[in-house]
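Based on the sequences and whatever the hints tell you, model everything.
Taken in order, these protein sequences are the chains called A and B.
Position one of the first sequence corresponds to residue 0 (numbering that gives the first Met the number 0), numbered consecutively onward.
Position one of the second sequence corresponds to residue 0 (numbering that gives the first Met the number 0), numbered consecutively onward.
Each statement offered as a hint is correct.
Examples of chain A residues toward chain B, derived with CB under 10 Å:
no., residue
1, Gly30
2, Asp31
3, Leu32
4, Val33
5, Pro49
6, Val52
7, Ser55
8, Lys57
9, Ala58
10, Ala59
11, Val78
Capping the alpha-carbon separation at 20 Å, the derived lysine to aspartate or glutamate pairs in EDC-like fashion look like this:
no., chain 1, residue 1, chain 2, residue 2
12, A, Lys98, A, Glu45
13, B, Lys44, A, Asp80
14, B, Lys354, B, Glu305
15, B, Lys216, B, Glu21
16, B, Lys44, A, Glu27
17, A, Lys96, A, Glu45
18, A, Lys96, A, Glu36
19, B, Lys354, B, Glu372
20, A, Lys42, A, Glu61
21, B, Lys44, A, Asp87
22, A, Lys98, A, Glu69
23, B, Lys302, A, Glu36
The following residues of chain B were derived to be distant from chain A, with all beta-carbon distances above 12 Å:
no., residue
24, Ala17
25, Asp213
26, Gln267
Keep in mind that the hints were calculated from the coordinates and are not lab data.
Small disclaimer: the values here were computed from a predicted structure and weren't measured.
Where a beta carbon is used, it is the ideal one built from N, C-alpha and C, also for glycine.
Below are the chains, spelled out letter by letter.
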Amino acid sequence: MLKFTQEHEWVRIEGDVATVGITQHAQERLGDLVFVELPEVGKSFEKGAPAAVVESVKAASEVYAPIGGEVIEANPAIVADPSLVNSDPMGAGWFFKLKLANLSEVNALMDEAAYQALLG
Amino acid sequence: MAHPAAAAPALKRTPLYALHLEFGARMAPFAGYDMPIHYALGVLKEHLHTRVAAGLFDVSHMGQIALRPRSGRVADAAQALERLVPVDVLGLKPARQRYAVFTDGNGGIIDDLMIGQCGDHLALIVNAGRKDVDERHLRDALSDVCTVDALADRALLALQGPAAEAVLARLSPSSASMRFMDIRPVLIAGANCLVSRSGYTGEDGFEISVPARDAEKLARTLLQDAAVTLIGLGARDSLRTEAGLCLYGSDIDESTTPVEAALEWAIQKVRRRGGARAGNFLGAGLVLEQLERGASRRRVGLKPRERTPVRTGVLLYADASASQSVGTVTSGTFGPSAAGPVAMGYVPNTLSAPKTLLFADVRGNRLQVEVTELPFVPHRYKRI
Chain A
0 MLKFTQEHEW VRIEGDVATV GITQHAQERL GDLVFVELPE VGKSFEKGAP
50 AAVVESVKAA SEVYAPIGGE VIEANPAIVA DPSLVNSDPM GAGWFFKLKL
100 ANLSEVNALM DEAAYQALLG
Chain B
0 MAHPAAAAPA LKRTPLYALH LEFGARMAPF AGYDMPIHYA LGVLKEHLHT
50 RVAAGLFDVS HMGQIALRPR SGRVADAAQA LERLVPVDVL GLKPARQRYA
100 VFTDGNGGII DDLMIGQCGD HLALIVNAGR KDVDERHLRD ALSDVCTVDA
150 LADRALLALQ GPAAEAVLAR LSPSSASMRF MDIRPVLIAG ANCLVSRSGY
200 TGEDGFEISV PARDAEKLAR TLLQDAAVTL IGLGARDSLR TEAGLCLYGS
250 DIDESTTPVE AALEWAIQKV RRRGGARAGN FLGAGLVLEQ LERGASRRRV
300 GLKPRERTPV RTGVLLYADA SASQSVGTVT SGTFGPSAAG PVAMGYVPNT
350 LSAPKTLLFA DVRGNRLQVE VTELPFVPHR YKRI
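What follows is the structure, given as structure tokens:
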């Protein structure tokens with residue numbers, strides 16, 4: 000199940016694990032990324048809390064936890080090579096995986112059709 | 000994020016506004032103008048392109064001012080201008096240009112600028128956000144000797160990078176003989192331009208003052224060259240930061256003196272104590288004192304040891320646990336050519352020696368930064 004947030008993140012739900020990344024639209028808006036900071040495994044976030052940082056030449060932006068949960072994995076590949084987020088935002092450019100605290104939060108996220116409508 | 004279409008009506012536009020949109024610019028407000036931050040290529044690639052080929056920048060928002068002597072003798076204008084800058088203007092030879100700062104009575108910096116000696120007048124380039132302040136300042140101080148003409152009908156293009164000389168020479172062969180800081184009238188693609196061999200990227204290149212009505216045609220002519228790409232203000236900022244050059248409003252302002260800002264090189268001997276025209280500029284007492292004895296703080300280069308960009312406004316500490324900061328980052332970005340983060344900031348004089356280790360607080364983490372010589376990327380001006 001693929002979901003989206005107003006903050007231009009994507010969330011792939013498999014069981015009680017959510018893989019989180021940023022959308023094609025987000026990577027285009029941010030431009031070429033030069034630095035990514037990811038949360039440590041074991042850290043827990045409330046829905047909406049800043050969980051990661053992405054930086055372009057120009058500016059730093061936060062990536063929020065789209066739903067509450069504990070980080071069970073972070074993607075070292077995008078720390079080593081931030082351009083992966085630009086070239087493959089929905090695939091190799093994923094950010095982190097959360098073990099969901101409250102599955103019902105998933106319902107508040109947008110499906111793809113709603114997200115496309117948001118982009119207009 | 001501000002929506003360009005919504006913000007546009009209140010903002011001024013340069014003569015190249017339509018060209019920016021045509022080339023896919025992301026526009027944003029800057030100093031009252033709707034300016035291109037980057038184009039389709041993006042900041043990172045625009046930056047790198049400028050260092051290997053040639054970048055074309057629209058800097059028409061900057062102020063162009065002609066200072067004309069009422070007497071007809073340019074030396075009178077030069078001497079008068081020396082009341083406002085700690086710089087040797089009188090000794091500036093015809094067809095030469097020089098960097099300067101307007102100081103105030105406290106030794107603070109009202110603006111930084113370029114002064115060109117154009118034979119019968121002085122051509123000044125000032126910052127966009129300081130145009131009005133500067134013009135008033137010049138009129139208040141110099142109207143007895145000079146007329147102060149704001150040249151609102153001229154655009155300003157910067158062509159920067161190792162290919163700039165060859166690009167411009169194809170249109171105007173004589174321009175190739177110019178050296179760094181030469182300035183002279185040049186006919187380019189039928190337009191009467193005032194060209195200087197200077198810029199603000201650390202690269203060789205030219206700044207071209209062109210009548211507004213000819214600006215778009217000239218830009219399109221330059222862009223026909225495969226080496227030339229439009230570059231936005233985003234890359235202009237990362238380029239000048241790598242080159243260790245000050246941005247007015249960030250690295251220098253009324254609260255910083257030229258000595259604190261490490262701009263002593265801009266104050267020639269003739270204006271220092273013992274010089275033939277020592278002092279006699281606003282704030283001279285403090286500035287000349289600081290030149291001899293140093294200031295209590297100093298602008299330095301800061302090289303972060305980790306990959307994390309250390310940006311403008313970040314506080315600096317003497318050690319990892321100190322609660323009292325010792326300085327602030329005034330420019331900080333990721334340097335695409337330096338291939339890592341680069342920054343500048345003010346630190347106490349006692350902590351300003353190269354290799355001094357400081358700590359920058361980024362999102363609550365104390366990151367090691369090393370005081371370093373500027374620039375981060377060597378200047379490649381054409382001095383000979």
